[in-house]
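A.B. asks: This is what each chain is made of:
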Amino acid sequence: MSTNTHTVSALVEDHPGVLNRVSSLFRRRGFNIESLAVGTTEEPGISRMTIVVEGPPNIADQVQKQLDKLIDVVTVETLNEDESVVRELALIKVACRPDQRREILDVVDIFRGSVVDVSTTTVIIQLTAAADTLNALIENLRPYGIREMVRTGRIALARGPRTTATHQHETEEERRFHQEIGRLPEGELPFSSK
Amino acid sequence: MVMMSGADILLESLKRLGVDTIFGYPGGAVLPLYDRFPAHPEIHHVLVRHEQAAGHAADGYARASGRLGVALATSGPGATNLVTAITNAQMDSVPTLFITGNVIRALIGRDGFQEADITGITMPTVKHNYLVMQAQDIARTIAEAAYLATTGRKGAVHVDIPKDVFIEQAEFEWPEHVSVRGYRIPGKADAESVREAAAIINAAERPVIFAGHGIIQADAAEELRRFAERGGIPILNTLLGLGGIPQDHALSYGMMGMHGSYWANHTASAADVIIGLGMRMDDRAMGRFADMNPTAKIVHVDIDPAEHGKNLFTLCPVVGDVKQVLPQLTDAIEKRSHVEWIRWIDTLRSEHRHSMMVPPGNELTTQYAVSKIAEFAGREAIFTTGVGQHQMWAAQFMDISRPRQFITSGGLGTMGFEVPAAMGAQAACRDRQVWTICGDGGFQMTFQEIATMVDERLPVKMAIMNNGFLGMVRQWQELFHNDNYVSVAMSQPDFVKIAEAYGIRGIRVSDQSQVEDAIREAAADPGPVILDFQVTAEENVWPMVPSGAALKETIEGPQRVTR
Ligand SMILES: Cc1ncc(C[n+]2csc(CCOP(=O)(O)OP(=O)(O)O)c2C)c(N)n1
Ligand SMILES: [Mg+2]
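Protein sequence lines, in the order shown, are assigned to chains V and S. Using the numbering used here, the letters of the first sequence map in sequence onto residues 1 to 194. Using the numbering used here, the letters of the second sequence map in sequence onto residues 195 to 757.
The hints are simulated quantities; they were obtained by calculation from the structure and are not laboratory data. Only a predicted model underlies this, so the values are computations on that prediction, with no experimental measurement involved. Glycine is no exception: its CB is placed at the ideal position from the N, C-alpha and C atoms. Each hint should be verified, as a subset may be incorrect.
As the list claims (entries may be wrong) - Below, a list of computed lysine-lysine pairs in the PhoX-like style, where the Cα atoms sit at most 25 Å apart:
(1) 382(S) x 65(V)
(2) 65(V) x 504(S)
(3) 69(V) x 382(S)
(4) 65(V) x 491(S)
(5) 491(S) x 504(S)
(6) 504(S) x 69(V)
Stated by the list, open to error - A partial selection of chain V residues facing chain S, derived with a Cβ cut-off under 10 Å:
(7) 16
(8) 73
(9) 74
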């Protein structure tokens, strides 16, 4: 993996528009997204975005801090690639006559991929791996003719028991706010908040 | 269980937040809301003449008072007219709440009449925004919006509400507390970073403070003074930081930046330790980043960690609220006086004072006019400005010495801010004299608000610095485009007649000798007043750091600028 990509993992509120907020931030600040993958998590209402950013080494710090400023971003962390499991899934549709199947299967086996669809003229190959491995497989399949291809973009988790998920509760400031600013003006309002 | 309409829920919620003034403009999508204003007399609605002005007024209101400013507009064009004001407030971190109506829910996304994707439009220019799709969500959303706008790094929050949500009935339930799990408010700094910062400051021989808007926003002027006095550290202000320390304080050395003083910019460039306090190392204040004192060690205290290292390498970032961090730092640093360093700066100042003086002679210059206004109106008055030469001269010559005394558009640099911001400041501070220093260009962008001020009895004194030019642009064309004046000369209307048309007093000032009387007369008038100061036309603002140059390349006077 080249040294100028950074894997940023963010837990975000599953609100409408949150993807828009994130992509809008990247566009506005001129951060380059190489890939972005979103999916649900173990916690209802929270999604995880894994974003691969291209740029100089100090960019990750700004990306992380700017992301953290978004109210809908709950936590964000830059994953050290050596201490994380990083994977990407690709589906590759390769031109393949029946007499070529054996040969292509051999290549796929070496990479521990699988064939998930066959027609008289094509096969679809599936591989989950680190990006380098995927790139290597693609290079090996290129001579046969790649008809089309889709990649999910990287997803990643820190190795070991550590997690990014922090289940936060109300802070001191939040409590104070409601005592000071949000309190019920005495006697004035007929409505009870109870 | 209390059932109420969405409109009532919104207004009740605002009352619970202590909101008593809303600047707004009606239209179809907010009709059900306007229908309910009479039932909530605790909230005063100020009918402006243009939504942009509603937004700037809310902004001026918030800057003058420190309280949440609120503006309201209808869907589509009403909402898009707010965009400049929203961006302006967010750029300068002003606690503001913008509420817009939208088309009914069933029409959203179908290009309904007066539909604009306003949350999509404001998304990149707000701290946060909401589209509220059910009346039952209004109370929680408004509480949350106000919470976000007024805490942490303050800013603009926008809430968009479809018309039928104002009508829908729901239970009114004021949330016991707001909980935004993705939001943290820095308070005190952690002990480790305070120790680190104090060690750097204690080892400094030539320390300097850059004090920004954060000092004012956090009400930390007193904390700043104590810190600076203990460390014996000279203070420079950014444009928006003016007022954080009185100009006559022994450690106050005035404004730095593009039109800062020669000595301030050279002090910034010669320091060995820079302590940034509540500021964002903006390019107008810093000059060319690469040459803004590359050898100095930077300690940067800011409530927004994303400001650390954004523009300049920061050796010691300190995350926290300056009001809480400064006492920590004051306790941690040693008492110093830095006699030699201060003597060096004082000498520099006395040698270069001439470039920051009101030009001698009896011409009517903007410098003369604004310094006289400051002298007569005094420290208790509030001054707002537009953007351009008059803004820089106001910053240089109005002796800004009190927090919230000086209200100006810094980050966005919005012409037309001056009059509506003054209107908002006056609405917030009815017992203070409010003067707005206007450009003849900027004034013509938003002076329709005189009608609002007449309706609302807001006696703002509008001092137009009438130089017949878009002066700051003309200055750049003169200096950087070989005198090639393109689209900068403007014919002006008769400003005194404009005053008459609005039924207020207008005073023309064409000679220096008339200035003092005119100011006295305006101050004595119970209503708004226009003063048309016919100032010298082709004056330039000095000193100047040409754009793209370093602070130490400050040019003091009218010579050819070569770059
Ligand atoms: C809304 C807006 N449009 C354009 C500009 C660019 N601009 C900056 S200063 C300036 C001239 C301002 O002229 P005036 O209000 O007469 O003030 P002066 O510089 O003459 O004091 C212009 C056009 C701006 N800052 N804001
Ligand atoms: Mg002008």
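A.B. asks: Any hints this thing doesn't respect? Which numbers, in order?
C.D. replies: none
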